[in-house]
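Chain B: place on chain A using the hints.
These protein sequences, in sequence, are chains A and B. First residue of the first sequence: 282, per the working numbering; consecutive thereafter. First residue of the second sequence: 135, per the working numbering; consecutive thereafter.
None of these hints come from the bench; they were simulated from the model. A quick note: this is a predicted structure, and the numbers were derived from the prediction, not measured. Virtual Cβ for every residue (Gly too), placed ideally from N, Cα, C. Mixed in with the good hints, there may be bad ones.
[Said to hold, decoys possible] Restraint-style ranges between C-beta atoms, simulated for each label pair:
#1 A:N311 / B:Q148: 34 to 42 angstroms
#2 A:K856 / B:N183: 44 to 52 angstroms
#3 B:C253 / A:I408: 23 to 31 angstroms
#4 A:L410 / B:L237: 16 to 24 angstroms
[Said to hold, decoys possible] A short, non-exhaustive set of chain A residues, derived as facing chain B with CB atoms under 8 angstroms:
#5 G449
#6 K456
#7 Y466
#8 V577
#9 G579
[Said to hold, decoys possible] Now the stretches of chain B that chain A is said to cover, found in silico as 3 or more residues with beta-carbon under 8 angstroms:
#10 171 to 180
#11 187 to 199
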Amino acid sequence: MSDKVNLRIDNIAVSVEEGTTILEAARKVNIRIPTLCHHEDLCVAGNCRVCMVEQKGSDRLLPSCAMPVSEGMEIQTNSLKVRSARKQIIELLVSEHRADCTRCYKNGKCELQELASEYIIGENGFIDLVPLKVLTIDNFSPSIIKDDSKCIRCQRCVRTCDQLQNIGALTVAYKGKDMKISSFYEKPMYEVVCTNCGQCVNRCPTGALTEKTYLEQVWSAINHEKKHVVVQTAPAVRIALGEALGMPAGEIVTGKMVSALRRLGFDSVLDTDFTADLTIIEEGNELLQRLKKVLVDGDKSVKIPMTTSCSPGWVKFIEHTFPEYLDNVSTAKSPQQMFGSLAKTYYAKKIEVEADDIVSVSVMPCTAKKYEADRPEMRSSGYKDVDFVLTTRELALMIKQAGIDFASLPEDEYDSFMGESSGAAVIFGATGGVMEAALRTAYEVVTGREVPFDDLNITPVRGMEEIKEAAVKIENPLPEWSFLDGVELKTCVAHGLSNAKKVMEAVKEGKVDYHFIEIMACPGGCLGGGGQPIPTSPAIREKRSQAIYREDSMKPIRKSHENPEVLQIYEEFLKKPLGEKSHELLHTHYTERNRY
Amino acid sequence: MTEVKQLVQDLADQFGRSQESLLPILQGIVTKEQHISEDAMIEVARELNISAAHVYGTATFYSFLNTKPLGKYVIRVCKTITCMMHGKNQIIKELEAVLKVNLGETTHDGKFTLLETNCLGQCHKGPAMLINDTPYTELTPDKVREIIMMYRDKELRVN
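So that you can see chain A by itself, here it is in the shape it has in the complex (with noise of 0.2 angstroms):
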């Protein structure tokens, strides 16, 4: 092994890799260097200085995050002059960092807080720069909120919009004590190219990146003795939710969770998961449809490959980026949106509701969510079919605020109906999901028999790997399909929005031809959405998307198509995909913005 680099570390002896950083060794051997800027799915900044570390003889001191390894160094990282250096580091940010605890949203969970604590650095500290200066709050967006007084100019942000997902909404505009994060030309983020994504907001150390808070409408609506408050989950709420109430990652608390929001007073408490088997059908048929007109019709309206639509960051990137493919975009809705134009139309007549009262309520892992309900198309019961969404922060939060012991609470299952959900619609929540679920549906549809994979588990769609294509070939369709037969149905799934942009420019180049294409705004697909718990790492992610296909495994039904209750509000109420009623309800159509 002659490219390991042995090196001491606070007297203890390392031995890593070429190129490791003295932040990583020391992580190795459990020394906890405090970071700011740093974070492990962006790349080396090196500019909050709170990293610094001594090297035995030399004089300045080193930022470990971004200085890698060299044989025989002896590095110290809590010397008095770490130490010192250290302190008047953090003094200097919080100098220029608006320091309102108490009334800020992220107190208790703020790095910059929790340094400061650590480090006590009292009021002896540097002058209070921050009225100095003028600094603005943009909260015009119903997602995300932005506030420069609390920036301590880590740039976690801009490389998170810039790495993750090649958008570039954020940028480091002037410099020295002017320098600020902003939007092109200072603009508020709801006007500029920004999709709401949240991965900034999932980043941002401080509370100057935060997603809007609906927590006390959704209270006042609760404690409304007229109001009928329904609530919805979305798939990847239940896997990660516990890491926000001191659980570790990777956990399930479906049935804990249900039984809290019944304790927090909800009325009826449902599944996003019900919706997602039910954008399965509608979808897969659309898919199938588009496949009939493209191949036997010979149509040339009907746009292929078709692409995914329930992650409302990959919609608004697409309708800003690549305004010419908005045809290619399914039109059925996602999840969230479907399940709120039933929750005021079918489900209030079925629990013989006014409409009027239904107050419709979702959790989403995901802060663009909140933007997908205010979109003015998302009102076909004649009301806005859904009124507030909520982060799995959020949630965590009315939990505490409940005083709920969210660990020692029983297990307990969803209400009927619009409770019952198939192990399809919970992999929803991870990369490859959508495209796994369907591909269980369309297949069975079309041939009679189910996927040719190993207990359904169609692997190749799985996993962390940015881009990843499957084909399914089609042997033996049923006569209506017969076109279908020997048909190679060609797949292509993304995450996070850089690998959608490689993946559209692809197809714009015509350098592919798939037929489906899933694509999830953010790492890891809604899992590591930017509403879930904070941090979120690549190791979180691989432990919430393990916790999601076990969850997969262990449910009873594992197709979207045989779900008692989808079926039931087809017989019911819809009925047939694809139907009048389904246009009216579960289909939307997109707009083009603006591409700077």
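Just chain B, lined up with the frame of chain A:
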């Protein structure tokens, strides 16, 4: 095609469409238009296939890439310590009095904008200032008044 669109396209043809082309293109816009407008930034983003915010970030970083409309003559007085000790504050006061504007403002006729700038490298001859690309050194309030008069004369003769 709009004028600015044509300008940006020509500059991109000249300097290329890679990341490194951004600065020369922005400089080219300033040379031609004196400042980089919002529309110009959008055109640059489109030509180079980068985000508009990125163009804005780069443009605002450099003091000499103006992002706001300025007067025909941009006066930049050195604000750093040597010039300060040589009396740049009196120079600014004199300029404010002669031009009847405050620091950071443009005269009503759109001819002069008064700004401060970082070190001009004329520390041995401070206080110093730039008017567009011409440096003026060893300034005194009287000298400043003369210089401004000279520019005003020049303007009168042009008209």
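Checked hints:
1. For N311 of chain A and Q148 of chain B, the Cβ-Cβ distance of about 56 angstroms falls outside the hinted range of 34 to 42 angstroms, so the restraint is violated.
2. For the pair K856 of chain A and N183 of chain B, the beta carbons lie near 47 angstroms from each other, so the given range of 44 to 52 angstroms is met.
3. Checking the proposed 23 to 31 angstroms range against C253 of chain B and I408 of chain A shows it holds: the Cβ atoms sit about 25 angstroms from each other.
4. Evaluation of the 16 to 24 angstroms hint for L410 of chain A and L237 of chain B yields a pass: the beta carbon distance comes to about 21 angstroms.
5. The interface hint given for G449 of chain A holds, since its Cβ lies 3 angstroms from the closest Cβ of chain B, which is under the 8 angstroms cut-off.
6. The interface hint given for K456 of chain A holds, since its Cβ lies 5 angstroms from the closest Cβ of chain B, which is under the 8 angstroms cut-off.
7. Using the Cβ-Cβ criterion of 8 angstroms, the hint placing Y466 of chain A at the interface with chain B is satisfied: the shortest such distance is roughly 6 angstroms.
8. Look at V577 of chain A: its Cβ only gets to about 38 angstroms from chain B, farther than 8 angstroms, so that hint breaks.
9. Look at G579 of chain A: its Cβ only gets to about 35 angstroms from chain B, farther than 8 angstroms, so that hint breaks.
10. A stretch counts as covered by a chain when three or more of its residues have a beta carbon under 8 angstroms from one of that chain; for the region 171 to 180 of chain B and chain A the count is 5, and the coverage holds.
11. With a threshold of 8 angstroms between beta carbons, the proposed coverage of the region 187 to 199 of chain B by chain A holds, since 7 of its residues qualify and at least three are required.
Figure legend: structure checked against the earlier numbered hints; hints not met, in rising order: 1, 8, 9.
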